[in-house]
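A.B. asks: Take the sequences, apply the hints, and build the full model.
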Amino acid sequence: MAPNIKASVISGLTRRAKLVCTKNEYLAEEIQYIKKTMMLNGYPKTFVEKEIKKTLKNMESTPHNSSKEKTEGIAKLFLPYEGGYGEKIKRIAKKHGIDVVFTRGQNLKQKLATSKGNKLDKQGVVYSIKCKNKRCKMEYIGQTGRQLKCRVKEHEADSKLDFRKKSGKKKKDKLSGLSYHLKKKKHQIDWNSIKILAKENNYWKRISKEAYFITKHSDKSLLMNQKNECLTISSIWKTIL
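Sequential numbering from 30 applies to the sequence shown in my numbering.
The set of hints was computed from the structure by calculation and includes no laboratory data. Think of the CB as a built atom: it goes at the ideal place given N, C-alpha and C, for glycine as much as any other residue. A hint or two may mislead.
As the list claims (entries may be wrong) - What follows is a list of derived Cβ distance ranges for each label pair: (1) P109 with T66: 39 to 49 Å; (2) G115 with N257: 10 to 20 Å; (3) S37 with K178: 36 to 46 Å; (4) T244 with K124: 14 to 24 Å; (5) K65 with K249: 15 to 25 Å; (6) K163 with G71: 19 to 29 Å; (7) K123 with E183: 26 to 36 Å.
C.D. replies: Here's what the structure looks like:
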């Protein structure tokens, strides 16, 4: 991608963050998120920081009083309508400068639903697994682009690694929350409890959905997931979710 196109992408994201964020703390968080995302996509750190700084400087020196500028600055969020939730989402989003536009077609449940068949053979999924121990109520939410059964078996195999041996395998701090729980507690996976929460082949959309389900979990103290295992959702969106 040409440097001028990369610069435009960074400038556009920065500009929207500046116009949408109502507090400096929100803006700082969004800027960090933009930096992280751009660098994950191969953008040089110095280039990203330079374009962000230049965009913010230009915005501060340019007046934004015209009605056209205000209209262009409003972020739009297109969502399928959900009765009972739609109005609440629209009201909260409006407080943060986001205009929610409801679309027709599949509802959220239909979009996240998966087709029938052997769920363990599915690829590109967000899933949940519970512990088999009757006294343990812990649950794990994860994602994989491979067949689900391959990833679950990998969790099991990793939990049985002997870290005292220099086998060149995964280090203890690289274990998933599920593998670590199984190893530490000597528990087992409840294969019958496995659920597919969403079907998504695109990696970035899939990890976003994984983060969504983790954020929406009713009791995070019962999740095996570790803090560094998934994408972090900005606090701006948590009020809407």
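A.B. asks: Could you run down the list of hints and mark each one as holding or not?
C.D. replies: So, going through the hints one by one against the coordinates:
1. Range check, P109 to T66: Cβ separation about 25 Å, and the 39 to 49 Å hint is violated.
2. For the pair G115 and N257, the beta carbons lie near 34 Å from each other, so the given range of 10 to 20 Å is not met.
3. One distance hint, 36 to 46 Å for the beta-carbon pair S37 and K178, holds here, with the actual separation near 43 Å.
4. At roughly 19 Å, the beta carbons of T244 and K124 sit within the given window of 14 to 24 Å.
5. Between K65 and K249 the CB atoms are about 22 Å apart, so this pair conforms to the stated range of 15 to 25 Å.
6. Checking the proposed 19 to 29 Å range against K163 and G71 shows it is violated: the Cβ atoms sit about 48 Å from each other.
7. Between K123 and E183, the C-beta spacing of about 44 Å breaks the proposed range 26 to 36 Å.
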